[in-house]
Amino acid sequence: MSDMEKRDEHVFRLTRRKALKGLALGIGTMVLPAKDASASVWESFFQKNFRELGKSERRVILERLEKEYSARYKKPVRVKDTGPIEGVLYGYGLDLSRCIGCRRCVYGCVTENNQSRDPQIHWIKVLRLAKERGVDLEHSEQYYNPATVPEEGHFYMPVQCHQCENPPCTKVCPVQATWKEIDGIVVVDYNWCIGCRYCMAACPYGARHFNWKKPGLPAGEMNPETHYLGNRPRPVGVVEKCTFCMQRTREPDGMYPACLEVCPVGARKFGNLLDPTSEIRNVIENKRVFILKEDLNTQPKFYYFYSV
Amino acid sequence: MIHRRLVLACFLVFISLSVFELAEAARREFWLTPPKLESDESYMVPPPPFTEGIFPCSECHKEMTPNPKRRELTEEHTNIQLKNHAEKERWCLDCHDLKNRDKLRLVSGEQIDFTESYRLCGQCHGDKYRDWKTGIHGKRTGQWNGKKQYLLCAHCHNPHNPRFKKLQPKPPPMRPENIR
Numbered sequence: 001m002s003d004m005e006k007r008d009e010h011v012f013r014l015t016r017r018k019a020l021k022g023l024a025l026g027i028g029t030m031v032l033p034a035k036d037a038s039a040s041v042w043e044s045f046f047q048k049n050f051r052e053l054g055k056s057e058r059r060v061i062l063e064r065l066e067k068e069y070s071a072r073y074k075k076p077v078r079v080k081d082t083g084p085i086e087g088v089l090y091g092y093g094l095d096l097s098r099c100i101g102c103r104r105c106v107y108g109c110v111t112e113n114n115q116s117r118d119p120q121i122h123w124i125k126v127l128r129l130a131k132e133r134g135v136d137l138e139h140s141e142q143y144y145n146p147a148t149v150p151e152e153g154h155f156y157m158p159v160q161c162h163q164c165e166n167p168p169c170t171k172v173c174p175v176q177a178t179w180k181e182i183d184g185i186v187v188v189d190y191n192w193c194i195g196c197r198y199c200m201a202a203c204p205y206g207a208r209h210f211n212w213k214k215p216g217l218p219a220g221e222m223n224p225e226t227h228y229l230g231n232r233p234r235p236v237g238v239v240e241k242c243t244f245c246m247q248r249t250r251e252p253d254g255m256y257p258a259c260l261e262v263c264p265v266g267a268r269k270f271g272n273l274l275d276p277t278s279e280i281r282n283v284i285e286n287k288r289v290f291i292l293k294e295d296l297n298t299q300p301k302f303y304y305f306y307s308v
Numbered sequence: 001m002i003h004r005r006l007v008l009a010c011f012l013v014f015i016s017l018s019v020f021e022l023a024e025a026a027r028r029e030f031w032l033t034p035p036k037l038e039s040d041e042s043y044m045v046p047p048p049p050f051t052e053g054i055f056p057c058s059e060c061h062k063e064m065t066p067n068p069k070r071r072e073l074t075e076e077h078t079n080i081q082l083k084n085h086a087e088k089e090r091w092c093l094d095c096h097d098l099k100n101r102d103k104l105r106l107v108s109g110e111q112i113d114f115t116e117s118y119r120l121c122g123q124c125h126g127d128k129y130r131d132w133k134t135g136i137h138g139k140r141t142g143q144w145n146g147k148k149q150y151l152l153c154a155h156c157h158n159p160h161n162p163r164f165k166k167l168q169p170k171p172p173p174m175r176p177e178n179i180r
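Protein chains in written order, with the numbering used here: chain U, 1 to 308; chain F, 1 to 180.
Heads up, some of the hints might be wrong.
[To be verified] So, partial list: chain U residues that the calculated Cβ filter (under 8 Å) puts toward chain F:
{"no.": "1", "residue": "Cys102"}
{"no.": "2", "residue": "Ala201"}
{"no.": "3", "residue": "Ala202"}
{"no.": "4", "residue": "Gly206"}
[Said to hold, decoys possible] Derived pair list, reagent style PhoX-like, types lysine-lysine, alpha-carbon separation capped at 25 Å:
{"no.": "5", "chain 1": "U", "residue 1": "Lys80", "chain 2": "U", "residue 2": "Lys55"}
{"no.": "6", "chain 1": "U", "residue 1": "Lys125", "chain 2": "F", "residue 2": "Lys165"}
{"no.": "7", "chain 1": "U", "residue 1": "Lys214", "chain 2": "U", "residue 2": "Lys74"}
{"no.": "8", "chain 1": "U", "residue 1": "Lys125", "chain 2": "F", "residue 2": "Lys88"}
Worth flagging that the hints you see were computed from the coordinates, not collected in a lab. Note that the Cβ used here is the ideal one computed from N, Cα and C, for glycine as well.
If we strip away everything but chain F, and leave its shape as in the complex, we get (with noise of 0.2 Å):
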């Protein structure tokens, strides 16, 4: 009797552990990934928007000793302020990678491509990383029914401003009493 109970138990273990391992993996997967479609291997995603000539940022960085002391950039990059964006609490090197300039860098010291940046911005910002993967953030365009084109969080948010800039609204309609 106690044989059998103790067989059961196991198999209990085994069987909720694997379902575990299960649900953590496709956890792991949704966050690594991008958006996939099940019809093909994935979306058209525009190259990510850098200044015209400034990538790879290796070209320049190569020839400088990297400097890892937290500081205001006075001869270059200058033009880069961090706004509307915890600039109090971070600088640079907390999403650049110090040694790899090409590279971004995530808090678990993993590097990342910039065309992989929606992983570095899903850290903190999960909630929008998810409702991005399902399509509800952000703007899809091309096909709803096919290929589509999904962009990134740097293409619509200034990643050292994110805020969006307000618009000038388009004209408004004419009131019915001036149609002739």
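Next comes chain U alone, as it looks inside the complex (with noise of 0.2 Å):
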């Protein structure tokens, strides 16, 4: 035996045959998935950023994802991507002197928008704070677990997304899986979004939350009304936040968010900005309102104010 050959022996060589088989192999796992029923795998890999898509790329995902999870879920669900309402800015304004604490707010979010449950995400975060020292975060506790409230000498200050009209989240993310839409309104696209958490990192709210797991969604608690960019089920390895139920109140006759409807006391206000005659106007035009963290210059279009 030649030296020559003694080599092949232990060399790898890539001849024509070897090529072609690799490629068959190759071909034959990409197509292997079509067979059983998950050919959305392939789709959903390659589809664009939703801001890319035109208006049938559209209706083509989103009746794909309608199928898709209403075989998950086992009902109809609905699937929109409802764009925002010319002249419309929403804002939200909170009622300091008011809200008891009782978190209804947060599981009334996340029941309207599908949050998961186990692990639990809460897009909503009410912290105690003592009236003595006034709005100081360092102090804040968020666990608090009284037989009641409210309790003596604390006021609580519920937390969620502020929808920043300067966002910081959005300027870090490296993809640009995350954006401000005209109406104020930060989303997120879940098909895009790499999970990098860098927006977590900049969002001085804490407002954003990551899916570390699969998230455990019960089919019965299922709200099956959903949105492209707000509260259709979530993907591993994804972002979620709070998007002001756009769901619900993007619409010619918008629903209050599900957080205000909840309240028991009344300490929730929701509006469009750029309405004169509209409750969020009133409540800014009227009361004492401050804005979280107001030196960060995010601009935030969440108010909190005091209604005595």
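Two chains, each in its own frame: build the complex with the hints.
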């Protein structure tokens, strides 16, 4: 045996036959998922960023998602892509002199927006603060659990996404999977998000949450009225956040957000900032209002106020 | 010259009077009417929260002779106790009408329906009434840009004991170290 032939036994040589074999194997594995009814794996893999999609492309994607979710949750699921309403800029008001810290809003939000029950994700965090310290976040407590609320000497401050006019979270996204819509709502395209969590680090309000695991969402509790950029079921490894219940509010006869509707003391106000007769404008013009971490120039559209 | 001044003065008085009247009319309108929408007639209001089977009050009261003397009720309505609502200064007939039991009574003597009870409460709680009318005080549900429902004062506050009761909070979030 010559030296050359001896070396051939140890060194891999790509021949025409081997290359064709490999190619066939590769194509075979690619086509394989198509057989067991999850063709959507490849379709979603090659899906473009939501903002680059045309009307017909969107319809195809929404139909595919509806089919997928309906099968998974065993009920007809609707996925909308309703756009912003012209002349509307959403604003939210929260009355700190009324809030009693009962956390009804937290769980109302979880039910409406299909958050993961296990592992637990809450979009609203209610902070308990001492009256004598005022709004001092360093001494806030979110795990308070007395028999009844409100407690003597304390007040409560729910924090959720502030829908900043100048959002730090969207600037740091390396793939532009999150952006601010013209009605002021900051949204995430869950199909485009790569899960790097830069936005979570950038958000000064702790308003973004990461799906470390496949979200645990029981089929019976799943809300089938969903929005592509809002409360549709999320995959593992993406960031999610409050969207002012866009599946409810972004309609010509839009409903109030779910957190507002469950509040037992009427501390939550919502409306169009561009409409001078709206409740939220009334609050801003007539009451003592402050925004959280004003010094960061995030310009939130979430206003804390005192009605008394 | 004097003539002209007189005319001017009369004119000014007339103008200021009419402005005053307009403002007065607006004020009356504000205090006498429920919140209104520009787009349609009014908001939806659920019926007043009566105890089951108690209304109309005249059902029982029509056979009784009204007794306007201030006293403690020992036979009927013993479950109603005025609390945290100036109970020393006030009793039933300050708000309920003596003759027509199905009506409430304002300080002016005007009789109003139970569906208009906000006007009764607004007599003392003017600031809350103002805020309620503009949607700051109280809860509105329904459509943020369409048909809404507002609540009467008595839907949230028991008129005989208006302070809110304490609530049991929903469970706190899990600590991150316990989330697996």
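Hints and how they fare:
1. Cys102: Holds: closest Cβ of chain F sits about 5 Å from cysteine 102 of chain U, inside 8 Å.
2. Ala201: Violated - the Cβ of alanine 201 of chain U stays beyond 8 Å from chain F, reaching only about 15 Å at its closest.
3. Ala202: 19 Å, violated
4. Gly206: 12 Å, violated
5. U:Lys80 - U:Lys55: The hint holds at about 12 Å.
6. U:Lys125 - F:Lys165: 23 Å, holds
7. U:Lys214 - U:Lys74: Roughly 18 Å between the alpha carbons, so the hint for lysine 214 of chain U and lysine 74 of chain U holds.
8. U:Lys125 - F:Lys88: Answer violated: lysine 125 of chain U to lysine 88 of chain F is near 42 Å, above 25 Å.
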